[in-house]
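Engineer: For reference, the chains in residue letters:
2 protein chains.
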Amino acid sequence: MEAVVHRYIAALNAADLDAIAALYAADATVEDPVGSPVHRGRDAIRAFYAASLACRLDVTLEGPVRAAANEAAFAFCVRLHWQGQDMEIRPIDVFRFNEAGEIASMRAIFGPANMEKTSG
Amino acid sequence: MEAVVHRYIAALNAADLDAIAALYAADATVEDPVGSPVHRGRDAIRAFYAASLACRLDVTLEGPVRAAANEAAFAFCVRLHWQGQDMEIRPIDVFRFNEAGEIASMRAIFGPANMEKTSG
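Read top to bottom, the protein sequences are chains B and D. Taking this note's numbering, I'd label the letters of the first sequence as residues 167 to 286. Taking this note's numbering, I'd label the letters of the second sequence as residues 167 to 286.
The shape of chain B in the complex, shown without the other chains:
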């Protein structure tokens, strides 16, 4: 699970949509942030990341990946460019894995207090 998280971070930084989508199960769900509409299935997830990658993400893991049973959690910082502004967002993501080692669900926990304009 830790290796998948590292591949996920690397794929985000490489803006590699295929690599990101390949980490997810075909019927996976993504809720990013928690409380927003859930993206279901690899096509919807791919469309969600295509929009995210347009913001030129620069992702840095903060601290070790935590893993227990079939779940992993990790804190990170995303620097991105959105609507003419540079921003930093600091989520904690929780992945749940299926038996094939694919991400079955992703939930991103962050809110306004975790978002900061850094220019613009």
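It should be emphasised that the hints constitute simulated quantities derived from the structure, not laboratory data. Mixed in with the good hints there might be a few duds.
Just so you know, same-sequence chains aren't split out, so a pair can sit in one copy or run between any two.
What the hints assert, rightly or not - Okay, derived cross-link-like pairs now, DMTMM-like style, lysine to aspartate or glutamate, Cα gap no bigger than 25 Å in a straight line: (1) Lys283 to Glu168; (2) Lys283 to Asp252; (3) Lys283 to Glu228; (4) Lys283 to Asp224; (5) Lys283 to Asp209.
Given chain B, put chain D in place with the hints provided.
Structural biologist: What follows is chain D alone, placed relative to chain B:
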């Protein structure tokens, strides 16, 4: 939610069992770590923390509390004394809150890779 997390950390460091229990809903659940048996209800939760506090916890938050909708997540380091050894454990906890602002569920994500003997 962020204030509750800070009260929780302070109560752990003060070994204040009443203060910890008071943060939880009467019918709350605690799964610590994820994959282990769930403690249900304030009495069971209190007993779980009574055992934990016997390990003389020294808890430090790592990075900001993340909060979205009715959930908060936070990374932290726990230094503790267990079976004659000093240890460090680095979990990420996820709290879900009820409408009264009480913790309805707590899930702690950490595994062997997040535990380190520091003496003994």
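Engineer: Hint by hint, note whether the structure agrees.
Structural biologist: Going through the hints against the structure:
1. In this homomeric assembly, Lys283 and Glu168 come within 25 Å of each other (Cα to Cα) only across copies, at 21 Å, whereas the closest approach inside a single copy is 30 Å.
2. In this assembly of identical chains, the alpha carbons of Lys283 and Asp252 lie at most 25 Å apart only when taken from the same copy (6 Å versus 41 Å across copies).
3. In this assembly of identical chains, the alpha carbons of Lys283 and Glu228 lie at most 25 Å apart whether taken from the same copy (19 Å) or from different copies (21 Å).
4. Taking identical chains as interchangeable, the C-alpha atoms of Lys283 and Asp224 lie at most 25 Å apart only when both belong to the same chain, with a minimum of 15 Å there against 34 Å between chains.
5. In this homomeric assembly, Lys283 and Asp209 never come within 25 Å of each other (Cα to Cα): the closest approach is 31 Å inside a single copy and 44 Å across copies.
In summary, the structure is inconsistent with hint 5 from the numbered list given earlier, while agreeing with all the others.
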